[in-house]
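K.L.:
For reference, the chains in residue letters:
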Amino acid sequence: MRVAVASGKGGTGKTTIAVNLALALEGKVPVRFLDCDVEEPNAHLFLKPTFDHERVVSIPVPDVEEAKCTVCKKCGEVCAFNAIAVAGGKVVTFPELCHGCGACARFCPSQAIRERSHRIGILATGRAGSVTFVQGKMDVGTPLAPPLIKAVKKEMGSEEAVIIDAPPGTSCPVVTSVDGSDFCLLVTEPTPFGLHDLKLAVGMVRELGIPCGVIVNRATLGDFHVERYCYEEGIPVLLKIPFDRRYAACYSQGDCLVKVYPEWVPVFADLWRQVERMVKRGARALGNQR
Amino acid sequence: MQELLVISGKGGTGKTSLAAAFAVLARDKVLVDCDVDAADLHLLLRPQIQSSNEFWGMPKAFINAEDCNKCGLCQEACRFGAIEDYHVNPHLCEGCGVCSRLCPAGAVVMRDHLAGYWYVAHTPYGPMVHAQLGIAEDNSGKLVTVVRQAGRELARERGLNLIIIDGPPGIGCPVIAALSGVSLALVVTEPTVAGHHDLERIMQLAGHFRVPVEVCINKFDLAPAKSREIEEYCRAQGVEVISKIPFDEEVAWAVSRGVPLVQPRGGSRGGAARAVRSLWEKLAERLDVLARRPGH
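Chains as they are written, first to last, in our numbering: chain W, 39 to 328; chain U, 23 to 318.
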């Protein structure tokens with residue numbers, strides 16, 4: 039079963055939920071962890087994996103052979119991303135704007151454009167205990183996250199439990215991360231910010247046709263509007279975690295709740311079982327009826 | 023005209039709460055929410071929308087089934103895996119148009135695509151520009167650029183000298199669009215391993231774009247040792263931490279009531295509110311110094 043952990047709002051506790059879930063299941067079933075928050079990957083700070091394999095992820099960008107180029111401007115015309123243009127009588131390229139669609143090379147009438155690899159980040163795989171760990175880390179200054187997220191998701195594997203830690207928001211990087219999951223856990227906090235962004239996140243998973251459930255973090259710092267919304271929408275609230283200075287201190291050092299407070303192990307194991315039951319029941323009815 | 027960007031790398035460190043407080047404390051400014059994915063500043067500033075504008079994203083390919091002769095050329099050529107069974111998945115289509123140019127039957131057309139809205143609004147604290155990108159859309163960087171441009175025009179029109187920008191999380195496309203060319207970036211971090219890790223990446227990014235940076239640590243007293251570590255890291259980078267804001271349940275309470283933490287006069291005397299006021303004074307001074315710099 040593939041479970042994505044997402045949230046509209048940042049900093050609500052996606053990574054906390056994802057890593058504690060992985061640790062609670064470790065040793066019971068084979069677990070694979072994919073950190074798809076390639077802009078700010080944080081799960082490794084908590085699971086502390088040892089990486090045994092790293093590879094560079096690149097996208098194809100144009101390389102213009104000036105001798106063959108007739109400066110016909112066709113490349114600039116076909117590029118939808120303003121990544122190639124004619125200026126001062128020669129072709130200039132902007133690899134940081136390029137999406138790697140290959141239009142310029144394909145449509146150049148004099149075959150003056152070849153493609154070369156342009157590095158966007160690193161894909162690393164390793165192990166944290168018995169958990170198989172995969173993460174993407176985007177190079178600083180690179181704008182495009184989705185190609186790297188796709189590279190992380192290619193390492194999907196067929197473990198019984200696959201946990202995907204998604205980036206915040208509801209736009210393309212999140213959709214790329216969450217797409218294809220059996221279930222999506224939406225982590226929120228009980229504030230107007232949390233509620234507003236939760237509604238966007240629910241809209242996103244419904245658009246993708248993925249059943250969802252909500253986890254309310256720092257549940258004691260706020261109001262009841264999130265739960266009321268979930269009730270009205272028929273979305274199950276699967277877990278509430280109270281705010282506790284001890285938990286905050288534990289998180290701040292990179293320690294995991296289930297390790298320091300083992301009473302949380304059965305809670306997270308049970309969360310997984312609940313999700314499993316809903317997915318088996320064809321849970322599309324739950325939290326996804328609109 | 024100066025632009026102050028509030029940014030964090032890691033989400034949920036308190037960008038929006040701080041931006042809203044600055045909106046209350048600063049004079050003669052325009053407010054811009056560049057977190058177009060999950061915009062929240064309007065929840066605190068209660069804008070009255072004056073104009074609503076369409077945001078058109080990249081066009082999306084569409085295959086006319088009647089004209090399609092199922093040659094499969096489009097499917098083969100699409101680098102984004104967006105075409106399957108002679109059907110385009112709009113979530114995967116990036117709008118490059120290769121399929122449309124290649125199709126021998128002329129069956130693939132590029133359709134304009136409404137991807138969201140942006141708004142010019144009035145708030146009790148001054149004019150504001152914000153946006154809502156459609157759910158599951160791309161092109162957030164483009165919309166950020168549109169919103170920033172609208173903010174600058176509004177500032178020029180009204181003769182306002184400062185733009186306060188609430189930034190998006192991360193270090194990708196929308197962040198780069200929000201960061202490039204601003205006068206000063208305030209990085210809001212938290213005393214956690216993740217906060218520290220993401221602070222390093224966002225500071226590298228700011229360095230890459232040569233944007234001057236100030237750092238503040240929010241909820242610093244939840245992990246004093248981690249806060250000291252972050253201060254040391256910043257010092258090694260040649261940046262003094264400008265402010266340390268204590269954890270204060272009043273902040274969550276203010277957000278829950280949908281009001282900014284501070285008020286122009288009077289208002290809260292709590293620890294966080296006091297720290298935020300003094301932070302704003304320091305930032306205003308820093309902006310003054312930057313404005314007087316030659317070449318500005």
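Keep in mind that the hints are not guaranteed to be accurate.
[Said to hold, decoys possible] SDA-like mimics (lysine to any residue), calculated; alpha carbons at most 25 Å apart, straight line:
#	chain 1	residue 1	chain 2	residue 2
1	W	K112	U	G293
2	U	K164	U	G119
3	W	K106	W	E64
4	W	K106	U	A99
5	U	K82	W	A118
6	W	K188	U	P81
7	W	K112	U	R123
8	U	K164	W	E245
9	U	K266	U	A295
10	U	K164	U	P146
11	U	K266	U	W302
12	U	K164	W	A118
13	W	K318	W	P147
14	W	K192	U	A99
15	W	K106	W	K86
16	W	K237	U	V281
17	W	K237	W	A257
18	W	K112	U	M80
19	W	K111	U	A295
20	U	K164	U	G128
21	W	K188	W	R93
22	W	K188	U	Y108
23	W	K86	W	K237
24	U	K82	W	K128
25	W	K318	W	L276
26	W	K128	W	R154
27	W	K86	U	Q226
28	W	K112	U	G128
29	U	K82	U	K164
30	W	K237	U	A127
31	W	K191	W	K106
32	W	K86	U	R250
33	U	K266	W	L259
The hints are simulated quantities; they were obtained by calculation from the structure and are not laboratory data.
K.L.:
Would you mind marking each hint as holding or not holding in the structure?
P.N.:
Hints, verified against the model:
Between K112 of chain W and G293 of chain U, the direct Cα distance comes to roughly 61 Å. Violation of the 25 Å bound is thereby established for this hinted pair. Distance hint between K164 of chain U and G119 of chain U is fulfilled; the C-alpha atoms sit about 18 Å from each other, no more than 25 Å. Restraint check for K106 of chain W and E64 of chain W: the C-alpha separation of about 58 Å exceeds 25 Å, so the hint is violated. For a cut-off of 25 Å, the pair hint linking K106 of chain W to A99 of chain U stands: about 24 Å separates their Cα positions.
In summary, the hint linking K82 of chain U to A118 of chain W is supported, as the alpha carbons are separated by about 11 Å, within the 25 Å threshold. Distance restraint check for K188 of chain W and P81 of chain U: the Cα-Cα separation of roughly 22 Å lies within the 25 Å cut-off, and the hinted pair is therefore satisfied. Restraint check for K112 of chain W and R123 of chain U: satisfied, since their Cα atoms lie roughly 12 Å apart, inside the 25 Å limit. For the given pair, K164 of chain U sits about 22 Å from E245 of chain W by alpha-carbon distance, which is consistent with the 25 Å threshold.
Taking the CA atoms of K266 of chain U and A295 of chain U, the gap is near 12 Å; set against the 25 Å cutoff, the hint holds. For the proposed pair K164 of chain U and P146 of chain U, the alpha carbon gap of about 28 Å is over 25 Å, so the pair is violated. Restraint check for K266 of chain U and W302 of chain U: satisfied, since their Cα atoms lie roughly 12 Å apart, inside the 25 Å limit. For the suggested pair K164 of chain U and A118 of chain W, the alpha carbons sit about 13 Å apart, so the restraint of at most 25 Å is met.
The straight-line distance between the Cα atoms of K318 of chain W and P147 of chain W is roughly 54 Å, outside the 25 Å bound, and the hint therefore fails. Our distance criterion of 25 Å between C-alpha atoms is met by K192 of chain W and A99 of chain U, whose separation comes to about 20 Å. Between K106 of chain W and K86 of chain W, the direct Cα distance comes to roughly 51 Å. Violation of the 25 Å bound is thereby established for this hinted pair. Using a Cα cut-off of 25 Å, the hinted pair K237 of chain W and V281 of chain U holds, with the two alpha carbons roughly 20 Å apart.
Distance hint between K237 of chain W and A257 of chain W is fulfilled; the C-alpha atoms sit about 17 Å from each other, no more than 25 Å. Distance check on the hinted pair: K112 of chain W and M80 of chain U sit about 20 Å apart at the alpha-carbon level, within 25 Å; holds. Annotation: proposed proximity of K111 of chain W to A295 of chain U is violated, straight-line Cα distance about 57 Å (limit 25 Å). Pair hint K164 of chain U plus G128 of chain U does not hold up; C-alpha atoms about 29 Å apart against a cutoff of 25 Å.
At most 25 Å may separate the alpha-carbon atoms for a hinted pair to count; K188 of chain W and R93 of chain W meet this at roughly 14 Å. At roughly 22 Å between alpha-carbon atoms, K188 of chain W and Y108 of chain U fall within 25 Å of each other, so this suggested pair holds. For the hint linking K86 of chain W to K237 of chain W, the alpha-carbon distance of about 33 Å lies beyond 25 Å, and the restraint is violated. At most 25 Å may separate the alpha-carbon atoms for a hinted pair to count; K82 of chain U and K128 of chain W exceed this at roughly 30 Å.
This hinted pair checks out: K318 of chain W and L276 of chain W have alpha carbons roughly 16 Å apart, not beyond 25 Å. Simply put, K128 of chain W and R154 of chain W have alpha-carbon atoms about 19 Å apart, close enough for the 25 Å limit, and the pair holds. Under the criterion of a C-alpha separation no larger than 25 Å, the hint pairing K86 of chain W with Q226 of chain U is consistent with the structure, at around 23 Å. With a C-alpha separation of about 20 Å, the suggested pairing of K112 of chain W with G128 of chain U holds against the 25 Å cut-off.
Taking the CA atoms of K82 of chain U and K164 of chain U, the gap is about 16 Å. The hint holds against a cut of 25 Å. For the suggested pair K237 of chain W and A127 of chain U, the alpha carbons sit about 42 Å apart, so the restraint of at most 25 Å is broken. A hinted pair counts as satisfied when its Cα atoms are at most 25 Å apart, and K191 of chain W with K106 of chain W does not qualify at roughly 39 Å. Under the criterion of a C-alpha separation no larger than 25 Å, the hint pairing K86 of chain W with R250 of chain U is consistent with the structure, at around 22 Å.
Taken as a hint, the K266 of chain U and L259 of chain W pair is honoured in the structure, with Cα atoms around 21 Å apart against an allowance of 25 Å.
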